[in-house]
Amino acid sequence: MPQLGESVTEGTIGRWLKKAGDHVEKYEPLCEVATDKVNAEVPAPFGGTLTALLADEGQTLKVGEPICDIAESGAAAEMVPVQAAPPAAAASPEPAPSVAASVAAAAAAATPARGRVRTSPYVRRLAQEAGVDLALVPGTGAEGRVTREDLERFRVSPAAAVAAPASSAPPAVWQAPAAAVPSVPTHAAPAPSAPPAPIAGDSFLPLTPMRRTIAEHMVRSKHESPHATAWFEVDMSPVVALRKSLRAEFEAREGVPLTYLPFVTKAAVEALREFPQINASWGGDKIIIHGAIHVGVAVAVPDGLVVPVLRNADGYSIAGLARAANDLITRARAGRLTLADLEGGTFTVNNPGSYGSVFSAPVINQPQAAILSMESIVKRPVVVEGDAIAVRSMMFLSFSFDHRILDGATANQYLASVKKRLEGMGPGTQVY
Amino acid sequence: MAVKNLIDGIREAMSEEMARDERVVLLGEDVGKRGGVFRASEGLVDAYGEQRVIDAPLGESGIVGVAIGMALNGLVPIAEIQFADFIHPAFNQIVSEAAKIRYRSDNDFHVPMVIRAPFGGGVHGGLYHSQSVEAFFMHVPGLKVVIPSTPADAKGLLKSAIRDEDPVVFFEHKRSYRLVRGEIPDGDVTVPIGKARLVREGKDLSIFAYGLMAFYAEQAAQTLAQEGISAEVIDLRTLLPLDREAILQSVARTHRALIVHEANHTMGAGAEVAATIAEGALYELDAPIRRLTGPDIPAMPFNTPQEEHFMPNPEKIAQAARELCAL
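Protein chains in written order, with the numbering used here: chain U, 1479 to 1910; chain H, 5 to 331.
Rather than coming from a laboratory, the hints here were simulated on the basis of the structure. Here the structure is a predicted model, which is why all the values come from computation and not from measurement. A few of these clues could be false.
Stated by the list, open to error - No more than 25 Å apart at the CA atoms, straight line, and that leaves these computed lysine to any residue pairs for SDA-like:
#1 H:LYS37 x H:SER65
#2 H:LYS104 x U:LYS1540
#3 H:LYS207 x U:ARG1602
#4 H:LYS207 x U:ALA1620
#5 U:LYS1540 x H:SER65
#6 H:LYS207 x U:ARG1623
#7 H:LYS199 x U:ILE1677
#8 H:LYS199 x H:ALA139
#9 H:LYS207 x U:PRO1599
#10 H:LYS207 x U:LYS1540
#11 H:LYS207 x U:ARG1603
#12 H:LYS37 x U:GLY1617
#13 H:LYS320 x U:VAL1634
#14 H:LYS199 x U:LEU1604
#15 H:LYS320 x H:SER65
#16 H:LYS320 x U:GLY1619
#17 U:LYS1540 x H:LYS37
#18 H:LYS207 x U:GLY1619
#19 H:LYS207 x U:GLY1622
#20 H:LYS207 x U:GLU1630
#21 U:LYS1540 x H:ALA256
#22 H:LYS207 x U:GLY1499
#23 H:LYS207 x U:ILE1867
Unchecked claim - Covered by chain H, per the in silico footprint, the following chain U stretches (three or more residues, Cβ under 8 Å):
#24 1595-1607
#25 1615-1628
Just so you know, even glycine gets a beta-carbon here, dropped at the ideal spot from N, CA and C.
Please build the complete structure, drawing on both the sequences and the hints.
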């Protein structure tokens, strides 16, 4: 069973693509494997005859456990169990539950020694096992080394552990405080309460790796970020009209559906450029403003959800967003996302409206500062110019934000900007 | 149990083994009539006769060569080299002959011989009565290299060495002969070759040592304990074969390693211990491996301040431990 990500410890055989007795070429896919987040194919590390399958479809094995035997051709009928094959997916660190790579990059840029953190092999191993990014842990050892105790302090209480003042230059639009910010005390999460005793009639649903990961992430997100939510109502009538006029031709030409998601995402991303402090993460003693805008698109999949990331979303037109989002969504539903698809998000857009929701309070996707949900577009009677009543296609935007990083005023200003952009769309809007 | 010193342990082991097994003989310079220059064999010639306690001429190559011949012909010889500094003329016999005979004869012949010698400095011995030579022999498969640090281990390990079917090079730190006292269990008690001894458990660092340095390390650990540093002390006891498992397990507990030996720094026993730790326990290490050793100078000085500079001692060991724990 190959290692498909740094913190991935096991995988489930999805589907065998070869059977015992088959000849396999070097690198030919042997089977599909599912882990917490991605599915991947396991290629044969050498050519030969597959002599025995050692695991069934649906069986979960630990990384390193043998999955099949291949008699290597050329070697004298020697059994070599296939174990650590090079993974089909890009081998990059698993984003959840560890801190996202973009945050680490920003934090590393702020520290004096760029590159490897000064520490010992033992502490490095402990950090990896705990899923902690060493670049975020302040070091009190000799020459700024991160010691065992530093790591332990950081794990228990990340904000309190970080004491050094911010040294990064603030961006032009938003000034970071120059003096050292007093650390924000955090409390350890309360121990989860005991589950209810089962009674007759109850049945049990075993937890999939995805379910477990989502559960852990949600608890952590709610515990770490003080959530506040703001709602804005947007008159989507111009967008509805625009989409209606373009849709048939667009879908015929592009081969992808034109939903409301690219329109809302475009407006949201442009507004992020106007309010960069929303495209941010909490950094303990500072707020990390991300230079790039990587928008996660929440996609419902069987038994859960995944949030693949549309990188550099501000570089896309509405049409480009439609294509890119469609690719991510399709692959997400097919279980074909790579680890690179899942990491580095700086903001998330969610579409519960597609299921009929008109109003919600989304949970922030850590370590981001905010999440924007577009709700269902519903025709409603509203009061318009001149105190007349008209029927308009109305949509709520639900916006949850981390109150450590943002206040209501900023959140509302941001939403007002998104609303203005959406309500300003129309026949003249460039889709390409 | 009685409290005795290390030389008592040596003498008792030889005496009891000679009583137990009539094949056991002792040969060396001044071992018979004089009872050994350190009194290691005092009384043995009276007890076992001149046929079994043999005063050899001044010729180490001959002493070891004759012992090999004795071993090949059914005796179990203990060849004493009066000072380890004099072992070099016998090096060829030990390395090219004794160590290789079993291998070379495909088990037809073997050499159940012990070569014993006092080693080490701190006694104003100067160039030729202070050398540490264990590293030369650690490099020779076919030999075993054993260095006890307590009276009980001296007796138990020497018994095991005498009973061993293959050549054992057995070094005794001359300063520890009378300095180190301890209880020796009564009766026929052997200590296994190839197993290190956990002197004291700790959690902040592991100190690996042997011979006099193990004795000093234990003292350093007591001092450190009062300062809040918990030092684990491992007496290696056998250098070949090294108890690698004990070394790695200790580092897995403490995450820091300090190796102490009196012999010169470069290519001393510490280098092998350090490589073992780096190979087998890298991801346990919280600090670089530290070797505290004699300096790389050609000989132990004769005058007192320089000899003290050369020799590790409990305070130097404790200071090295403090520095290691501060990293």
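Hints, one by one, checked against the model:
{"no.": "1", "hint": "H:LYS37 x H:SER65", "result": "22 Å, holds"}
{"no.": "2", "hint": "H:LYS104 x U:LYS1540", "result": "47 Å, violated"}
{"no.": "3", "hint": "H:LYS207 x U:ARG1602", "result": "19 Å, holds"}
{"no.": "4", "hint": "H:LYS207 x U:ALA1620", "result": "20 Å, holds"}
{"no.": "5", "hint": "U:LYS1540 x H:SER65", "result": "60 Å, violated"}
{"no.": "6", "hint": "H:LYS207 x U:ARG1623", "result": "20 Å, holds"}
{"no.": "7", "hint": "H:LYS199 x U:ILE1677", "result": "58 Å, violated"}
{"no.": "8", "hint": "H:LYS199 x H:ALA139", "result": "18 Å, holds"}
{"no.": "9", "hint": "H:LYS207 x U:PRO1599", "result": "18 Å, holds"}
{"no.": "10", "hint": "H:LYS207 x U:LYS1540", "result": "32 Å, violated"}
{"no.": "11", "hint": "H:LYS207 x U:ARG1603", "result": "18 Å, holds"}
{"no.": "12", "hint": "H:LYS37 x U:GLY1617", "result": "67 Å, violated"}
{"no.": "13", "hint": "H:LYS320 x U:VAL1634", "result": "37 Å, violated"}
{"no.": "14", "hint": "H:LYS199 x U:LEU1604", "result": "30 Å, violated"}
{"no.": "15", "hint": "H:LYS320 x H:SER65", "result": "38 Å, violated"}
{"no.": "16", "hint": "H:LYS320 x U:GLY1619", "result": "23 Å, holds"}
{"no.": "17", "hint": "U:LYS1540 x H:LYS37", "result": "70 Å, violated"}
{"no.": "18", "hint": "H:LYS207 x U:GLY1619", "result": "19 Å, holds"}
{"no.": "19", "hint": "H:LYS207 x U:GLY1622", "result": "23 Å, holds"}
{"no.": "20", "hint": "H:LYS207 x U:GLU1630", "result": "17 Å, holds"}
{"no.": "21", "hint": "U:LYS1540 x H:ALA256", "result": "24 Å, holds"}
{"no.": "22", "hint": "H:LYS207 x U:GLY1499", "result": "54 Å, violated"}
{"no.": "23", "hint": "H:LYS207 x U:ILE1867", "result": "78 Å, violated"}
{"no.": "24", "hint": "1595-1607", "result": "holds (count 6)"}
{"no.": "25", "hint": "1615-1628", "result": "holds (count 5)"}
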